[in-house]
Every structure is written in structure tokens, then in C-alpha cells.
Amino acid sequence: MSDYQYDNQTVKGFIVSSIFWGVVGIVIGLLISIQMWKPETNFAPYFTFGRLRAVHTNGLAFGLGVGAIFGLSYYIIMRLAKRPLLFPKLARFQLYLFNVGILLAAVSLLMGQTQSLEYAELEWPIDLAIVILWVMFAINVFGTIIKRKEEQMYISLWYIIATTIAVAVLYIVNNLSIPAGLTKSYHLFAGVNSANVEWWYGHNAVGFVFTTPILAMFYYFLPKSTGIPIYSHRLSIIAFWSLVFAYLWTGAHHLVYTPLPDWIQTLGIVFTIFLIAPSWGSVVNGYYTVGTDWSKMNTNYLTKFFIMGITFYGLQTVQGPTQGLRIVSQLIHYTDWVPGHVHMGTMGWVTMTTAASIYYVIPKIYHTEIYSEKVANIHFWLVLIGQLIFSITMWITGIQQGALWKATNADGSLKYTFIETLTKNYPYWQLRTVGGLIFTVGMLFFIYNIYMTIRKGSLAEAKA
Amino acid sequence: MAEDLDNIDAFEAKETSHKLPVGWLILFWGLIIWGVYYFVTYSPAISGWTQTKAYEESVKK
Chain Z
1 MSDYQYDNQT VKGFIVSSIF WGVVGIVIGL LISIQMWKPE TNFAPYFTFG RLRAVHTNGL
61 AFGLGVGAIF GLSYYIIMRL AKRPLLFPKL ARFQLYLFNV GILLAAVSLL MGQTQSLEYA
121 ELEWPIDLAI VILWVMFAIN VFGTIIKRKE EQMYISLWYI IATTIAVAVL YIVNNLSIPA
181 GLTKSYHLFA GVNSANVEWW YGHNAVGFVF TTPILAMFYY FLPKSTGIPI YSHRLSIIAF
241 WSLVFAYLWT GAHHLVYTPL PDWIQTLGIV FTIFLIAPSW GSVVNGYYTV GTDWSKMNTN
301 YLTKFFIMGI TFYGLQTVQG PTQGLRIVSQ LIHYTDWVPG HVHMGTMGWV TMTTAASIYY
361 VIPKIYHTEI YSEKVANIHF WLVLIGQLIF SITMWITGIQ QGALWKATNA DGSLKYTFIE
421 TLTKNYPYWQ LRTVGGLIFT VGMLFFIYNI YMTIRKGSLA EAKA
Chain L
1 MAEDLDNIDA FEAKETSHKL PVGWLILFWG LIIWGVYYFV TYSPAISGWT QTKAYEESVK
61 K
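Chains Z and L supply the protein sequences, listed in that same order. The opening residue of the first sequence carries number 1 in the working numbering; numbering runs sequentially from there. The opening residue of the second sequence carries number 1 in the working numbering; numbering runs sequentially from there.
There may be inaccurate statements among the hints.
Unchecked claim - A few chain Z residues facing chain L, derived, Cβ under 8 Å:
no.	residue
1	Leu31
2	Leu315
3	Val318
4	Thr322
Claimed, not checked - Within a straight-line C-alpha distance of at most 30 Å, the following computed DSS-like cross-link-like pairs (lysine-lysine) qualify:
no.	chain 1	residue 1	chain 2	residue 2
5	L	Lys14	Z	Lys224
6	Z	Lys463	Z	Lys374
7	Z	Lys406	L	Lys19
8	Z	Lys406	Z	Lys12
9	Z	Lys456	Z	Lys374
10	L	Lys61	Z	Lys406
11	L	Lys14	Z	Lys82
12	L	Lys53	Z	Lys364
13	Z	Lys415	L	Lys14
14	Z	Lys82	L	Lys61
15	L	Lys14	Z	Lys406
16	Z	Lys147	Z	Lys38
17	Z	Lys224	Z	Lys406
18	L	Lys60	Z	Lys415
19	L	Lys14	Z	Lys304
20	Z	Lys12	Z	Lys149
21	Z	Lys38	Z	Lys415
22	Z	Lys147	Z	Lys12
23	Z	Lys424	Z	Lys406
24	L	Lys19	Z	Lys149
25	L	Lys53	Z	Lys147
26	Z	Lys304	L	Lys60
27	Z	Lys364	Z	Lys456
28	Z	Lys149	L	Lys14
29	L	Lys19	Z	Lys415
30	Z	Lys82	Z	Lys38
31	Z	Lys424	L	Lys53
32	L	Lys60	Z	Lys224
33	Z	Lys12	Z	Lys184
34	Z	Lys374	Z	Lys364
Claimed, not checked - To give an idea of the chain Z side of the interface with chain L (calculated C-beta under 7 Å), a few residues:
no.	residue
35	Arg79
36	Glu150
37	Pro229
38	Thr266
Everything labelled a hint here was simulated from the structure, so no lab data went into it. Ideal placement from N, C-alpha and C gives every residue a C-beta, glycine not left out.
Modelling step: build the complete structure from the supplied sequences, incorporating the hints.
As C-alpha cells, this is what we get:
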């Protein structure tokens with residue numbers, strides 16, 4: 001048995017846990033998409049849209065997302081540092097605590113306990129547990145990197161380090177609150193300050209959960225899967241430093257046309273637009289890398305996942321900054337355009353890249369091959385079609401919604417009542433459920449493929 | 001069974017490892033210059049523009 005066997009099992013544990021929470025989060029997502037157009041599918045008090053929506057976002061960001069990030073970061077760090085984790089038992093304990101934490105978080109949200117801060121709904125006792133969990137992660141990340149046996153640090157390690165530091169800072173600062181009992185607290189910041197801190201956190205959660213760790217995976221697993229080295233090391237480094245520098249300034253673009261001082265909004269918009277450059281640094285690097293041999297799109301089944309993933313990242317990082325501009329924000333902010341935008345990132349970029357990384361890792365851990373490339377291809381096309389239906393329907397209805405809200409009569413009164421603008425969403429909301437269903441079926445093909453690969457690997461190991 | 005560890009050299013293309021595409025450089029510097037312009041134009045302390053004034057003008061039309 002190699003020194004890595006124990007750590008590999010921890011990595012696998014995180015991957016399987018993240019897939020489990022992924023299923024829970026996606027099924028709930030499907031249900032709340034139906035609740036939008038069929039109110040009788042709300043089951044009060046626990047299974048109403050208001051409570052389930054937070055279970056959906058937290059379950060997928062922290063359950064699927066962070067679970068996969070823990071597991072895959074450990075896998076990447078060990079291989080680039082050329083050594084096992086510094087504290088293997090701590091990582092295993094972290095895996096158990098992670099699952100207990102996500103379970104408690106889901107239950108508390110269903111009970112209706114919330115800080116009323118988007119993506120930071122969890123109350124302070126669970127926040128404390130999450131901070132402990134993150135400190136455990138940080139100890140292994142930094143410990144293993146410091147004690148590494150390879151001097152040079154590849155770009156993926158930098159992205160993992162940035163993730164570890166930034167999430168800690170963001171999470172702790174935005175969750176500072178004054179407890180009023182075990183299940184209730186008040187945000188330390190008030191009024192417009194609270195909003196500013198909240199969206200500094202909210203936007204950078206996207207940056208340091210859905211961007212930097214996923215780029216770590218992209219830069220690592222793309223060359224590993226294809227055998228093609230990354231086109232430009234310099235470009236990857238410059239893109240990294242300019243990305244982490246600019247990201248933390250951008251949160252105010254969520255507060256355009258609010259009481260937040262004008263100059264803070266403007267500053268937020270400036271950094272937001274600048275972010276196109278570092279984001280596209282990674283996009284260009286990815287294209288140029290595979291561009292040296294496009295035949296890999298046919299011969300290696302994972303290449304298309306990475307190329308499609310980075311393509312959606314590229315689209316996301318143009319669309320997102322554009323939304324920050326005042327002229328665009330005043331039309332689409334607060335409309336259904338926004339979930340359309342978010343889900344291109346999560347379903348297109350994050351899930352596509354993470355799934356491909358898991359496809360790569362699971363067979364490696366078991367020293368076997370993937371169960372079926374054909375099933376993986378079906379998975380690819382279904383999630384692609386499902387995600388496109390989701391995003392495109394929401395963009396259309398979002399523009400419609402914004403235009404109807406803004407329409408005024410000659411005397412300045414509103415042309416449409418709120419309910420009129422709402423009912424026009426129904427056909428698009430129904431189509432979105434169809435898209436979500438197709439995406440979910442695609443994910444089931446993925447899970448089946450991973451399950452069969454693990455089974456095949458375990459059987460082979462038992463024989464050996 | 002030997003674990004496959006990484007040879008860092010295999011990750012970075014030799015001939016192109018220091019290249020920065022020209023188009024990307026134009027984007028990078030272009031956005032910085034645009035950022036300066038935008039900040040100057042839409043900062044109340046510099047240009048006098050404010051959200052409230054812009055709103056009032058739009059209502060007048």
C-alpha cells in the first residue's frame with residue numbers, strides 16, 4: 001500500500017460527500033423552480049420557497065462546491081508538493097465534520113433560522129463550526145505546501161492559497177454579529193454598511209469559491225488529461241495576481257442605484273470591468289493550450305468538458321462585468337436575468353470543470369479506467385443543453401421584466417402593475433424547469449458513471 | 001503501487017512559457033485606461049456627476 005492510500009480515501013470521501021449534497025441541492029433546485037409557477041407545491045412551513053431557496057444555494061455552494069474543493073485541492077496539493085498531506089488524520093476528521101456541518105446547516109435553514117444575509121444565511125453557531133472547518137483545511141494546505149518536496153510552485157497551488165486566505169477573511173468579517181440567543185443574531189454592521197460588507201462578501205464568495213479553486217482544477221487537470229502543457233506560464237501568473245488584486249474591490253456593483261455613496265459604486269464598477277482582462281487571461285491560455293492540438297477534442301473525452309467550461313467562464317466574465325455598468329444594471333437588476341447569469345457560471349463553468357476533474361481523479365485513485373466514456377458523453381450533452389435552456393429563458397424573461405417595470409405612461413405613472421409583469425414570467429419559468437430536469441438527468445448519468453467506476457476499482461483491488 | 005506524482009516541467013510549454021498574446025495585452029492596458037476615464041467621469045468629487053442629478057435630468061426629459 002502506498003503512503004498516499006489513506007489520503008486518497010479522504011479525497012474520495014470528499015468527492016462522494018460533495019456528490020451526495022449535490023444531488024440534494026439539485027433536487028431542491030428543481031422543486032423550487034416548480035414552486036415559482038405552481039404555488040401549491042409549497043409545503044408550509046418547512047418546504048416553502050423562502051426556506052428551500054437558501055437550502056439550495058447553501059447546499060450547492062458549500063456542500064457540492066466546497067466539498068469538491070476540499071477533496072480536489074488535497075489531491076492537487078499532494079501531487080504538486082510530491083508528498084502526502086502533512087496531517088492525514090486531521091483531513092479525515094475534517095471530512096466527518098464537513099458532513100455533520102452541512103447537515104446541521106440544512107436543518108437549521110429548514111427550521112427558518114437565518115441571518116437574512118444572502119449566501120450568509122447560517123446563524124452564528126454554524127458559522128463557528130464552518131470557521132473551525134476552514135482552519136483545519138488551511139492547516140493542511142499551508143503545512144503541506146511549506147513542507148513540499150518540489151521547490152517550484154505551479155499556478156494551481158497559488159489559486160488554492162488565494163482561496164484559503166480570501167474565503168477565511170470574507171466569511172469571518174461578514175458573519176460578525178451579536179448573538180441574541182442560540183438561533184438569532186444581529187449583524188455587527190448596520191444599514192448601508194451592512195449592505196456594503198454583505199455584497200463585498202457575496203460577490204467574492206463567487207470569486208473565491210466559484211472561480212479561484214475551479215481555476216486551480218482547470219490549470220491542473222487540463223494538462224493532466226490532455227498531456228498538453230499550459231501555453232504560457234507567465235500569462236497564468238499575471239492573470240492570477242491581477243485577478244486576486246481586482247476581485248476584492250468589486251462587491252459594490254451589486255449596489256448600483258442604492259444609498260451607497262456614488263464614488264464607491266463607481267470604484268466597484270471600474271474594478272469589475274477590469275476583471276475581464278485577468279479572467280480572459282485564463283480563457284486565452286486554455287484555448288492556446290488545446291489549440292496546439294485540437295484533435296484532443298475527439299480523442300480525449302475530458303477535453304470538451306474543460307473547453308466548454310472555460311468558454312462559459314469566458315462568457316460569464318464578460319456578462320458579469322457588463323451587468324455592473326449602470327446602464328445595464330438599471331434594466332436587469334432584480335429581474336430573473338440574474339439567476340440566468342449565475343447558473344451559466346455554476347452549471348456551465350463550475351459543475352462542468354469539477355465533474356471533469358472528478359472523472360480524472362476517481363479512476364486514478366483506483367488505478368483503473370473510467371467505467372464508460374459513452375455515458376460521460378451523454379452526461380456532457382445533457383448538462384450543456386439543460387444549462388443553456390435555463391440561462392437563455394431567464395435572460396429573455398429578465399429583459400422583458402425590466403422593460404415592463406420601466407415602462408411609464410405620458411403622465412409618469414407605471415404602465416404595468418407588478419402582478420402583470422410577474423405573470424408574464426410563467427412560460428419561461430416552466431421552460432426553466434424543463435431545462436433543470438434535463439440537467440438533473442445529465443448529472444444522474446455522471447453519478448452512475450462514477451459509482452460504476454468506484455465499484456469496478458474496488459472489485460479489482462479486492463482481487464489483487 | 002507507485003503513486004504518479006507530477007513533474008512540474010510537464011505542465012509548462014517550453015517555447016511559449018513567457019509569451020503574452022498582444023491582443024490580451026491591449027485588453028489589459030485598455031481596461032486600465034478606461035477605468036481611469038470612468039472613475040473620473042462618474043466621481044462626484046472630481047466631475048460633479050451624481051446619481052441624484054442624473055436621475056433628475058432623466059425625469060425632466
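Outcome of the hint check:
no.	hint	in the structure
1	Leu31	violated (39 Å)
2	Leu315	violated (16 Å)
3	Val318	violated (11 Å)
4	Thr322	violated (13 Å)
5	L/Lys14 - Z/Lys224	holds (16 Å)
6	Z/Lys463 - Z/Lys374	holds (27 Å)
7	Z/Lys406 - L/Lys19	violated (48 Å)
8	Z/Lys406 - Z/Lys12	violated (51 Å)
9	Z/Lys456 - Z/Lys374	holds (16 Å)
10	L/Lys61 - Z/Lys406	holds (15 Å)
11	L/Lys14 - Z/Lys82	holds (22 Å)
12	L/Lys53 - Z/Lys364	violated (61 Å)
13	Z/Lys415 - L/Lys14	violated (62 Å)
14	Z/Lys82 - L/Lys61	violated (67 Å)
15	L/Lys14 - Z/Lys406	violated (55 Å)
16	Z/Lys147 - Z/Lys38	violated (56 Å)
17	Z/Lys224 - Z/Lys406	violated (50 Å)
18	L/Lys60 - Z/Lys415	holds (18 Å)
19	L/Lys14 - Z/Lys304	holds (24 Å)
20	Z/Lys12 - Z/Lys149	holds (24 Å)
21	Z/Lys38 - Z/Lys415	holds (26 Å)
22	Z/Lys147 - Z/Lys12	holds (23 Å)
23	Z/Lys424 - Z/Lys406	holds (15 Å)
24	L/Lys19 - Z/Lys149	holds (28 Å)
25	L/Lys53 - Z/Lys147	violated (58 Å)
26	Z/Lys304 - L/Lys60	violated (53 Å)
27	Z/Lys364 - Z/Lys456	holds (12 Å)
28	Z/Lys149 - L/Lys14	holds (22 Å)
29	L/Lys19 - Z/Lys415	violated (55 Å)
30	Z/Lys82 - Z/Lys38	violated (54 Å)
31	Z/Lys424 - L/Lys53	violated (33 Å)
32	L/Lys60 - Z/Lys224	violated (61 Å)
33	Z/Lys12 - Z/Lys184	violated (36 Å)
34	Z/Lys374 - Z/Lys364	holds (19 Å)
35	Arg79	holds (5 Å)
36	Glu150	holds (6 Å)
37	Pro229	holds (4 Å)
38	Thr266	holds (4 Å)
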